[in-house]
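**Q** Chains F and B are the protein sequences, given in the same order. Each residue of the first sequence is one higher than the one before, counting from -17 in the numbering used here. Each residue of the second sequence is one higher than the one before, counting from -6 in the numbering used here.
For the record, the hints were derived by calculation from the structure and aren't laboratory data. All C-beta atoms, glycine included, are put in the ideal place defined by N, C-alpha and C. Do not rely on the hints blindly, as some may be mistaken.
[Said to hold, decoys possible] Straight-line Cα separation of at most 25 Å, DSS-like style, residue types lysine-lysine; simulated pairs:
no. : chain 1 : residue 1 : chain 2 : residue 2
1   : B       : Lys629    : F       : Lys21
2   : B       : Lys342    : F       : Lys21
3   : B       : Lys644    : F       : Lys21
[To be verified] If you only want the chain B side, here are some residues facing chain F, beta carbon under 7 Å, derived:
no. : residue
4   : Gly67
5   : Leu69
6   : Ile207
7   : Gly209
8   : Pro215
9   : Trp219
10  : Pro249
11  : Cys255
12  : Thr256
13  : Val268
14  : Arg272
15  : Leu373
16  : Asn458
17  : Ala612
One letter stands for each residue in the lines below.
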Amino acid sequence: MKIHIGETQCRGCEACLLACSLLHEGESNPALARLRVQKDMTRYTFHLVFCRHCDQADCVAACPTAAIQVDGRGAVRIDQDACMVCGACAEACESGAIFFNEALGQYYKCDLCPDLAAPACVTICPVSAIVLAEAL
Amino acid sequence: MNNLHPPAGGWMGRLLDVDLTSGEITRRSTAEYSDQILGGRALAAEIAYREIPAGIDAYDPRNRVIIATGPLTGTLAPTSGRLLMGSLSPRIYPRPWYTHSTLGGWFGPMLKYAGFDALVIHGQSVRPVYLEIREGQAVLRDAADLWGMDARQTQLALKDRLGQEIQVLCIGPAGENRVRFATVQHAEENAAGHSGFGAVWGSKNLKAITAFGIKGVPVHDPHGLWEEVRRFGTYRISPNHGILFHHGENRKKKKPICSQACTFNCYVSNYGETVDGRRIPGQCIGGLVWMSDHNMEHTYYTSDQLVVPAGQNFGMCEEVTLHERCNSLGLDQWFRLVIQPWLIACEAKGIHSIRGYPIRPRDVFWFDNLLDDLAYRRGLGDLLAEDLCRVMDMLEGELPAELIRLGRELEFAFGFPAHREGRFWDEEPLPFWVISAMMYASESRDPTIGTHQSSLLLADFMIENRELARRQFRALSKKTWGDENCLEPTFENKSPVAIWSQNQHILIDSLPLCDFAFPQLVRSMEDRAEWERSEDISGDLDLDLRLYRAVTGRDCSHEEMVRAAERAFTLERLMLARAGRSRVMEEALAPHFRLPCRADGTLIDAQGFFRLLDEYYTARGWDLEYGWPTPSTLSKLGLADAIPEIERLKKELI
């Protein structure tokens, strides 16, 4: 499973961020979402920072403790118990899609919502800017 | 009182009090102001009632600017990214009184992520300042370099200075120069537009407020909220507009979104291209006006008593550019809708200049310059910046009486542009204009702008198929108001719908939610064909309550919510009484409704209008002489403390 993002379709409602933080952290907090929506007000365009769950993921290769694994759905996930919080994964990610939670002292990233049939951001996006790549 | 303290879901628990005179900024508990269940408009009314002195002008430093979020702001609840602003309005005619204005966007959520439910701003700075709020801290900073910038420039400058992730509220030159219909702007298009609060900011030397934070809004039942939104809150076409004009194409929204967490498709937004080739979003009148030439025809009205000429659509790019100019200068775009036909009417009467200033309202370049002149108060713009009603007072005797009357009718209700009153702009056949008239007569401002889904858009169904709609309305009315006749095309028994719509308006402004999505009086349907097959069109009136419960964890009933709304409405009414607003002023609206309805030609004479007031006041628990809450009504709403003041005000009014 992979998600595909069409930035030209994004309208900046941030429902994806709110759904992501709601289901992962139990609160509404875009700062803890596992993707980001950046708006350029001069041109009214949107840029989304998101994990592509790369087939040959740089973050997986960079992790010195093998704390980043690919699960059966193809989601590149961090095992927090095995993570030594070195930050090598975040440095290696070209998309900038591995974030640091200062309150918890943890790196975190998109896990494709393993408990849901489809990632929450895909389900909630009202403009189909975020879709399953397989559906294309 | 403890309901508003963390960890109750939805609330941050604190608000900021900002004294611009002393520069002192203090934190207060949100619960200090309210033990009610609502934020936004209800919270602002509680603060304003206690803190804004009676009898002062909008530009008095003691006037407050109250900026309030609600418990749903910043959450996934659909359309909840809204914000309420309350203050004395300089636009209101004949004298300023307390009113409110809402805007969508992303500032309200960011204010909560920064740790605050609301802001209370008072005093007057000696020099231009902006308020920077960042992660629980707030500081006033010098804004000398920003003063004079338009709203777009101001936001871009502050984002360059403080980070692209901040959210900004600000005024443009119109606010700085105290244009009575100056807006407070946010993002490309969002504005607290109608009430002239930009001028209040300008009088306080407050140029902007920035917010940034990374706190989360607590949610009592995250999975409950997710399920509600997933099942009922996304991909949905808002009722009425969507149903009638939808023919089975992809339901996903393609047009701009004007507020955080909006997952609805309301069909009132659009993209436009400026003359310099940029794509910008436009909602409501902007998006609608530039869709086609036909939309400007809605400004054309004719009857044996009064003619309103159509405005002029200057072409797509030109309209979009004028629209953006209003946003940048900080001008309420509704002024364009009333001033342009009035100026065209002047031309038709052979009047080509006013006080020596030439008028050319069909010339886009002249009109573009007029917007600048308004914002900077130059020439004719300086005169018109006083808004139409006051300008008519100034020009009385200089211009033909019919032009003076036209100007007054275009802003017939206390200085606000006519809207959904069945005459000048929207089709509202009987009984909808009667419902609208009751709301106009009882509220502080144009009330219809927050009641699209609660009743007024139902008119679209009646226009499309009168007999089908009446059949559907009887069932809907019985289910909602316990009487199948509340939406019958008659003049009687319309107060239940008017009061219900007003209570819904308060709830929408206080949770907050968008009135193009809530209340869900009519269910979302696939398309027009489904509507034509349906006998029961009733919607899901519990959705807002379920969202509220999931976020706050408070097991609140509909009755409690309505009581809280009625208390807030009554506080607003008490503030109107303080400003001398009473039945006498409300009876003065009668002549407007003697004009025939543009949809069906129905009208009402003065005695009939007074009967509408009698019915409405009685249903509200107000006395018939003043239209003010009776002692028993005040006591029932926990406002017995206001009884001596009301009794004193009655004596003063005499």
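**Q** Please go over all the hints and tell whether each is borne out by the structure.
**A** So, going through the hints one by one against the coordinates:
Of the supplied pair hints, the one linking lysine 629 of chain B and lysine 21 of chain F is violated, its CA atoms being roughly 49 Å apart against a limit of 25 Å. For the hint pairing lysine 342 of chain B with lysine 21 of chain F, the CA-to-CA distance comes to about 49 Å; that exceeds 25 Å, so the pair is violated. A threshold of 25 Å between alpha carbons decides the hint, and for lysine 644 of chain B with lysine 21 of chain F the separation of about 57 Å lies outside it, so the pair is violated. At a threshold of 7 Å, the smallest CB-CB gap from glycine 67 of chain B to chain F is about 5 Å, leaving the interface hint in force.
Interface hint status for leucine 69 of chain B: upheld, as the beta-carbon distance to the closest one in chain F is roughly 4 Å, under 7 Å. Checking isoleucine 207 of chain B against chain F by beta carbon gives a least distance of about 4 Å; that is within 7 Å, so the hint holds. At its closest, the beta carbon of glycine 209 of chain B sits 3 Å from a beta carbon of chain F; the interface hint therefore holds under the 7 Å criterion. The beta carbon of proline 215 of chain B comes within 5 Å of a beta carbon in chain F, closer than 7 Å, and the hint placing it at the interface holds.
Contact between tryptophan 219 of chain B and chain F, as hinted, is supported at the beta carbon level, the nearest pair being about 6 Å apart and thus within 7 Å. Hint status for proline 249 of chain B relative to chain F: holds, with the closest Cβ pair at about 6 Å, below 7 Å. With a cut of 7 Å, the hint placing cysteine 255 of chain B at the interface with chain F holds, because the nearest CB-to-CB distance is about 5 Å. Using the Cβ-Cβ criterion of 7 Å, the hint placing threonine 256 of chain B at the interface with chain F is satisfied: the shortest such distance is roughly 4 Å.
Annotation: interface hint on valine 268 of chain B violated; nearest CB of chain F at approximately 16 Å, more than 7 Å. Here the hint on arginine 272 of chain B is kept, as its CB sits about 6 Å from the closest CB of chain F, short of 7 Å. At its closest, the beta carbon of leucine 373 of chain B sits 33 Å from a beta carbon of chain F; the interface hint therefore is violated under the 7 Å criterion. With 7 Å as the threshold, the beta carbon of asparagine 458 of chain B stays out of range of chain F, its nearest partner Cβ sitting at about 30 Å, so the hint is violated.
For alanine 612 of chain B, the shortest C-beta to C-beta distance to chain F is roughly 38 Å, which exceeds 7 Å, and the interface hint is violated.
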